[in-house]
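Asks: So the protein sequences, as listed, match chains A and B.
Its first residue numbered 179, the first sequence is counted upward by one per residue in my numbering.
Its first residue numbered 618, the second sequence is counted upward by one per residue in my numbering.
Simulated from the structure, these hints should not be mistaken for laboratory data.
Errors might be hidden in some of the hints.
With beta-carbon atoms standing in for the labels, derived distance ranges [what the hints assert, rightly or not]:
| no. | chain 1 | residue 1 | chain 2 | residue 2 | range |
| --- | --- | --- | --- | --- | --- |
| 1 | A | T787 | B | M618 | 51 to 57 Å |
| 2 | A | E771 | B | E775 | 56 to 62 Å |
| 3 | A | K230 | B | Q741 | 57 to 63 Å |
| 4 | A | N882 | B | Q685 | 25 to 31 Å |
| 5 | B | L635 | A | G441 | 27 to 33 Å |
| 6 | A | R607 | B | K746 | 56 to 62 Å |
| 7 | A | S297 | B | L635 | 23 to 29 Å |
| 8 | B | Q699 | A | E712 | 55 to 61 Å |
| 9 | A | G762 | B | R701 | 37 to 43 Å |
| 10 | A | V287 | B | K746 | 23 to 29 Å |
| 11 | A | T829 | B | K746 | 19 to 25 Å |
| 12 | B | R701 | A | S734 | 48 to 54 Å |
| 13 | A | A561 | B | Q699 | 53 to 59 Å |
Partial list, derived from the structure: chain A residues whose beta carbon lies under 10 Å from chain B [said to hold, decoys possible]:
| no. | residue |
| --- | --- |
| 14 | E655 |
| 15 | L864 |
| 16 | Q961 |
Note that CB positions come from ideal geometry on N, CA and C, so glycine has one too.
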Amino acid sequence: MAAKYDVLGSRAPRLDAPDKATGRARFADDLNLPGQLYGALLQSPHAHALIKRIDASRAKRLKGVKAVLTGQDLPNILYGVSPARYDEEVLARDKVRHVGDDVAAVAAVDLETALEALSLIEVEYEPLPAVLSVEQALAEDAPIIHELFPNNLCAEVHQEFGDVAAAFAKCDLIRGGRMVNKMQDGAFLEPNACIAEFDQRGNLTLYSSTQSVHYVQRTVAMVLGLNMSQVRVVKPYVGGGFGPKAAATPLELNACFLAQRTGRPVKMGYTREQVFLFSRARHQFFHEMKIGVAKDGTMLALEHRCTLDGGAYSSFGIATVYYAGSLLGGPYKLPNMKYDGYRVFTNKPACGAQRGHGGVIARALFEQQLDLIARELGMDPIALRLKNIMQAGDVTCNDLNMSSLGMRECLEAVQGGSGWSGKRGRLSRGRGIGMASGFFVSGAGYPIYRSDTYHATVTVKVQEDGGGVKVLTGAAEIGQGSDTTMAMIAAETLGIPLSDVRVESGDTDLGIDLGAYSSRTTLMTGHATKEAAEDAREQILQALAEELGVVRGRLSVKRGRVKIAGKPVDIGPLRARYLKEHRGWTDQPTGKELSFREAARVAYLRRGTIVGTGKYKPPVLGGKYKGAAVGTSPAYGCSAQVAEVSVDLETGQVFVENITDAHDCGQAINRTSVEAQMEGSVSMGLGEALFEEVKFDANGRVLNPSLGEYHIPTIMDMPQMKCIVVESNEPNGPYGAKEVGEGAIMPTIPAILNAVYDATGAVIDELPLTPERVLAAIKKASQNKKGGRRKG
Amino acid sequence: MSSHQINLIVNGVAHEVLVPANRTLAQLLREDLGLTGTKQGCGEGDCGSCTVLLDGEPVNSCLVLALQAHGHKVLTIEGLSQGRELHPIQQAFVEQGAVQCGFCTPGMILSAKALLDKTKRPSQEQIRKALSGNLCRCTGYQKIVEAVSEASRRLSRERS
Numbered sequence: 179m180a181a182k183y184d185v186l187g188s189r190a191p192r193l194d195a196p197d198k199a200t201g202r203a204r205f206a207d208d209l210n211l212p213g214q215l216y217g218a219l220l221q222s223p224h225a226h227a228l229i230k231r232i233d234a235s236r237a238k239r240l241k242g243v244k245a246v247l248t249g250q251d252l253p254n255i256l257y258g259v260s261p262a263r264y265d266e267e268v269l270a271r272d273k274v275r276h277v278g279d280d281v282a283a284v285a286a287v288d289l290e291t292a293l294e295a296l297s298l299i300e301v302e303y304e305p306l307p308a309v310l311s312v313e314q315a316l317a318e319d320a321p322i323i324h325e326l327f328p329n330n331l332c333a334e335v336h337q338e339f340g341d342v343a344a345a346f347a348k349c350d351l352i353r354g355g356r357m358v359n360k361m362q363d364g365a366f367l368e369p370n371a372c373i374a375e376f377d378q379r380g381n382l383t384l385y386s387s388t389q390s391v392h393y394v395q396r397t398v399a400m401v402l403g404l405n406m407s408q409v410r411v412v413k414p415y416v417g418g419g420f421g422p423k424a425a426a427t428p429l430e431l432n433a434c435f436l437a438q439r440t441g442r443p444v445k446m447g448y449t450r451e452q453v454f455l456f457s458r459a460r461h462q463f464f465h466e467m468k469i470g471v472a473k474d475g476t477m478l479a480l481e482h483r484c485t486l487d488g489g490a491y492s493s494f495g496i497a498t499v500y501y502a503g504s505l506l507g508g509p510y511k512l513p514n515m516k517y518d519g520y521r522v523f524t525n526k527p528a529c530g531a532q533r534g535h536g537g538v539i540a541r542a543l544f545e546q547q548l549d550l551i552a553r554e555l556g557m558d559p560i561a562l563r564l565k566n567i568m569q570a571g572d573v574t575c576n577d578l579n580m581s582s583l584g585m586r587e588c589l590e591a592v593q594g595g596s597g598w599s600g601k602r603g604r605l606s607r608g609r610g611i612g613m614a615s616g617f618f619v620s621g622a623g624y625p626i627y628r629s630d631t632y633h634a635t636v637t638v639k640v641q642e643d644g645g646g647v648k649v650l651t652g653a654a655e656i657g658q659g660s661d662t663t664m665a666m667i668a669a670e671t672l673g674i675p676l677s678d679v680r681v682e683s684g685d686t687d688l689g690i691d692l693g694a695y696s697s698r699t700t701l702m703t704g705h706a707t708k709e710a711a712e713d714a715r716e717q718i719l720q721a722l723a724e725e726l727g728v729v730r731g732r733l734s735v736k737r738g739r740v741k742i743a744g745k746p747v748d749i750g751p752l753r754a755r756y757l758k759e760h761r762g763w764t765d766q767p768t769g770k771e772l773s774f775r776e777a778a779r780v781a782y783l784r785r786g787t788i789v790g791t792g793k794y795k796p797p798v799l800g801g802k803y804k805g806a807a808v809g810t811s812p813a814y815g816c817s818a819q820v821a822e823v824s825v826d827l828e829t830g831q832v833f834v835e836n837i838t839d840a841h842d843c844g845q846a847i848n849r850t851s852v853e854a855q856m857e858g859s860v861s862m863g864l865g866e867a868l869f870e871e872v873k874f875d876a877n878g879r880v881l882n883p884s885l886g887e888y889h890i891p892t893i894m895d896m897p898q899m900k901c902i903v904v905e906s907n908e909p910n911g912p913y914g915a916k917e918v919g920e921g922a923i924m925p926t927i928p929a930i931l932n933a934v935y936d937a938t939g940a941v942i943d944e945l946p947l948t949p950e951r952v953l954a955a956i957k958k959a960s961q962n963k964k965g966g967r968r969k970g
Numbered sequence: 618m619s620s621h622q623i624n625l626i627v628n629g630v631a632h633e634v635l636v637p638a639n640r641t642l643a644q645l646l647r648e649d650l651g652l653t654g655t656k657q658g659c660g661e662g663d664c665g666s667c668t669v670l671l672d673g674e675p676v677n678s679c680l681v682l683a684l685q686a687h688g689h690k691v692l693t694i695e696g697l698s699q700g701r702e703l704h705p706i707q708q709a710f711v712e713q714g715a716v717q718c719g720f721c722t723p724g725m726i727l728s729a730k731a732l733l734d735k736t737k738r739p740s741q742e743q744i745r746k747a748l749s750g751n752l753c754r755c756t757g758y759q760k761i762v763e764a765v766s767e768a769s770r771r772l773s774r775e776r777s
């Protein structure tokens, strides 16, 4: 079969890889501006305290110090992620709410001086009782963290679809359980860094390691009282984000204020410890649920409830608490679903979005319970899922529209790919195999602030010499490969080789783009890129048609050559004109067909610079109920994984031996990058399942704020992964493409939990799977052993 | 802080630099010599992003004082490629998709270089062990292992 596409679906090397492999690629901390100052932040040592007095006079007098800011020096304005819940101050004015809350900022001629100045700032605190758990926060006499939120309740959600009580009454089997994880850290390798600079006319440029130049631009403009058009945010290469870099940080805002006060560029960066103290990573979820099925395994009802430890601020948490409910709408037919969610403030660093936003623990518990149901019904876990999956065209009870859904293909792929049938039920005690499915949005249907804005605008500028095009976009390449994806989409659309496309991205001057979160870029920025490339192509071919005196419809471009349908057309005069213009050049066009370069050059000569524009906004999506904005998406990705584990029955240590992973990403734009997202997702899920836990002491201090003590998977921990790319055709995606960046993490934790159960008979309801916890669960399971069903 | 004159060879070029006693090799490379390909992800020797080769041995340059490099040879990521020609390890990383955000990449490649200089055709296990001090949050390491394996095959072919 002839390949459908020339560029798409290939394994083209990433555009940025050579620069990254040679050290040329610049990250925020690699940038330096002439005359720059170095900024540093004074942060609270208390989890909860009133600020009685700040004396910065000694710091101000220190030689080399150029500015010292406290909350009183800044405009009294609250900001945050969701406008309905702005609750953050750039520097705390009267009260600190977690260890690491920012209290003062200094700019000095070098970092040593800035740090010395911090040590000279005297802050008198009046400590308040700290609220360090959800129980403490919800207790009747709990100290209040925010005046704006009595009861320490940041957000609550109550949703019911169908008639859950009536459905449960008809169920043959109802079972339930709970799951709790631990606060996770993003643990991206590049700590946040930025440089802010004002020009003489008061315009600001901020270079920052962010996932969203647009949201940062908007927040900076609002907080500093500037127009958005006075603020340019530029994202250099970013060393990973995974969610926590998706909104403006106090680091960025303080750098901007310090640059404004001093009139000089100000460079700032978080230390690794400060990355932990800022957090904005995965919440701790306390999830409980009850699932009801008919005796043939048909799912009838789900009732679930989740309480989230949100930390000190709202951040993305309102979306998180909704996602924890809505993402269980798929990928199974589930006619009745009731969800109650509560996000609670505590005096810990604020949690926010992290890969698999909001859905990971809900999914882990749900898929664990499905396995237990399958066992009770005597069904194979894959058969139970196959019985219940939705397919393209189905709509969930919470109005999510499955415009494409290769769920069956994913399940069959991992079933075959893992040798499931030969292993399930046949492994010796201590070895196990488990599986789970996953489901995720392909881009949030709505921006984080209420607006009819386009989610992406893209410009394709055709170089005046005709030799190539540039894709200009605000989209954020943070390592996931979006620059390459956009270049491939533009190349395919224009009919030119990938080498003729360059990408400028991550700059608010280049267009609107909401950024790298909710697995939105391939679909949304991809649409806008395709439209911009089509626009440029039409202008070029229209101009060429006029030049050649043929109708536009006869012209097309493929692999860089202009195809003319119908009877032969004399291209001689046009070719001669091009050659004359390029006397002495060594790469003159030859052959019977015009090159794209000649066509693009003639278009420029007739019309001036050719610029194609494209834009994307999701269509009106389903769901009229409260909270429908979180979960509705133009498309949904789905996945399945099989994990094989061995458990040391003496020590409780779990080893994941291999993972078979299938994900439906629609049309794969870049096959290598799709696998790369799948493998990275497994790694983050495996870390959360086995090791990761931000630990606190009794005073709310992080006990393990380093990559030595906070254990993310090393190369020794990662098993062999077999990634199977399933391609459906997503009607709402550009060329049929949709997400892979986050959905692929969903099945990892439950697949491991189910494999551990298969190996040991232990149902574990708390993460991470430390040896102590696993051993205790094994002991408990053997004490409760019922009916001797377990092997060994 | 007292400053000291040191001599070292970085990527084949001799440098004479005056450094304060507490300056790390990572700071010297990044800030004084402008070799920002060496990344700093933690400053405490946990992540391996700042890996460089000191007389051919991989070290966390954030834990080495600049003074300790006096009289020694340092290889950073900038010294690996010959002009536009990528080193076979770099080429393999590019082609196998072993690069995502790229922040760990320079350190990974240099750890791989130290391995392949000594062990021509390492096993998967040897590769994993040699890179166990380099953290990556993006890739799950699989394509990195494949890239190092592929690079070892290419280097063996080049030598034969």
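Asks: All hints, please: hold or fail.
Replies: Each hint tested on the structure:
Checked against the given bound of 51 to 57 Å, the beta carbons of A:T787 and B:M618, roughly 55 Å apart, stay inside it. A beta carbon spacing of about 39 Å between A:E771 and B:E775 contradicts the range 56 to 62 Å that was offered as a hint. One distance hint, 57 to 63 Å for the beta-carbon pair A:K230 and B:Q741, holds here, with the actual separation near 60 Å. For the pair A:N882 and B:Q685, the beta carbons lie near 29 Å from each other, so the given range of 25 to 31 Å is met.
Judged by the Cβ atoms, the range 27 to 33 Å given for B:L635 and A:G441 holds: they are separated by roughly 31 Å. Between A:R607 and B:K746, the C-beta spacing of about 30 Å breaks the proposed range 56 to 62 Å. For A:S297 and B:L635, the hinted distance range of 23 to 29 Å is satisfied, since their beta carbons lie about 27 Å from each other. The hinted window of 55 to 61 Å between B:Q699 and A:E712 is violated, with their beta carbons roughly 41 Å apart.
Range check, A:G762 to B:R701: about 24 Å between beta-carbon atoms, so the 37 to 43 Å window is missed. Restraint check, A:V287 to B:K746: a C-beta distance of roughly 44 Å breaks the suggested window 23 to 29 Å. Remark: the range hint 19 to 25 Å for A:T829 to B:K746 is upheld by a beta-carbon distance near 22 Å. Checked against the hint of 48 to 54 Å, the pair B:R701 and A:S734 fails, with Cβ atoms roughly 34 Å apart.
The hinted range of 53 to 59 Å is satisfied by A:A561 and B:Q699, whose Cβ atoms lie roughly 57 Å apart. Hint on A:E655 holds. Least Cβ distance to chain B is approximately 9 Å, under the 10 Å limit. Restraint check, A:L864 versus chain B: the minimum CB separation of about 8 Å is within 10 Å; hint holds. The beta carbon of A:Q961 comes no nearer than 37 Å to any beta carbon in chain B, farther than 10 Å, and the hint placing it at the interface is violated.
In the structure shown, a violation is registered for the earlier hints numbered 2, 6, 8, 9, 10, 12 and 16, in ascending order.
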